[in-house]
Amino acid sequence: EAQVTQNPRYLITVTGKKLTVTCSQNMNHEYMSWYRQDPGLGLRQIYYSMNVEVTDKGDVPEGYKVSRKEKRNFPLILESPSPNQTSLYFCASSPKNTGELFFGEGSRLTVL
Amino acid sequence: GQSLEQPSEVTAVEGAIVQINCTYQTSGFYGLSWYQQHDGGAPTFLSYNALDGLEETGRFSSFLSRSDSYGYLLLQELQMKDSASYFCAGRKGGKLIFGQGTELSVKP
Chain P
174 EAQVTQNPRY LITVTGKKLT VTCSQNMNHE YMSWYRQDPG LGLRQIYYSM
224 NVEVTDKGDV PEGYKVSRKE KRNFPLILES PSPNQTSLYF CASSPKNTGE
274 LFFGEGSRLT VL
Chain R
10 GQSLEQPSEV TAVEGAIVQI NCTYQTSGFY GLSWYQQHDG GAPTFLSYNA
60 LDGLEETGRF SSFLSRSDSY GYLLLQELQM KDSASYFCAG RKGGKLIFGQ
110 GTELSVKP
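Protein chains in written order, with our numbering: chain P, 174 to 285; chain R, 10 to 117.
Keep in mind that a hint or two might mislead.
Claimed, not checked - Among the chain P residues that face chain R by a calculated CB cut under 10 Å, a handful are: (1) Val-225; (2) Gly-231; (3) Glu-235; (4) Gly-236; (5) Gly-277.
Source of the hints: derived by calculation from the structure; they are not laboratory data. Think of the CB as a built atom: it goes at the ideal place given N, C-alpha and C, for glycine as much as any other residue.
Please work from the sequences and hints to get the whole structure.
Next comes the structure, spelled out in structure tokens:
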């Protein structure tokens, strides 16, 4: 089944404790991206990757890192999480140059 | 800056037709996409307009006019299950900008 898989789906952590949210897709898509969704603010892009070893900042990259060592994986790293990073996070992928994004199920993160 | 504007809420009755508008303040978007999101769920793709004009997919249609920086999503024969949030999104290179979403409530 074609899908984008994120883990963990739910996480409660404390300020400053490094964490990684994994994202994997099995559709051989070139493009992958991360978003956070907060009430009243819609979906905001954190980082994106056009292909392996190519990453770039979206609208809200502060406090996040990403890597794209393999085509299928695009982990989101929070080196020192803070409470303002409490949010619902989505990973998505798409074939190159199309308008159709395939989203993962989301990861709800709470930073205390 | 770059932004996409949508109405925050729309209400309609079952069986009706509703149009959700999206206007944008930037140039150079490659096209406009539309997504549906039910409470707490993942956004799912509905439609994409790469060029001006109307795209039809079943009960859903989407329209784009790049000269007017305007698009809309048209939902026909509304069903209760269409109650959800709808987002337009513009892509510029790898950057994707979403509107803040329109919450559609379908009443019996």
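Going through the hints against the structure:
With its C-beta approaching chain R no nearer than about 14 Å, P:Val-225 sits outside the 10 Å limit, and its interface hint is violated. The interface hint given for P:Gly-231 is met, as the beta carbon of that residue sits about 6 Å from the closest beta carbon of chain R, less than 10 Å. Evaluation of the P:Glu-235 hint against chain R yields a violated restraint, the C-beta minimum of about 16 Å exceeding 10 Å. Interface restraint check: P:Gly-236 against chain R, minimum CB-CB distance 19 Å, threshold 10 Å, status violated.
For P:Gly-277, the suggested interface contact is upheld, since its CB lies about 6 Å from the closest CB of chain R, less than 10 Å.
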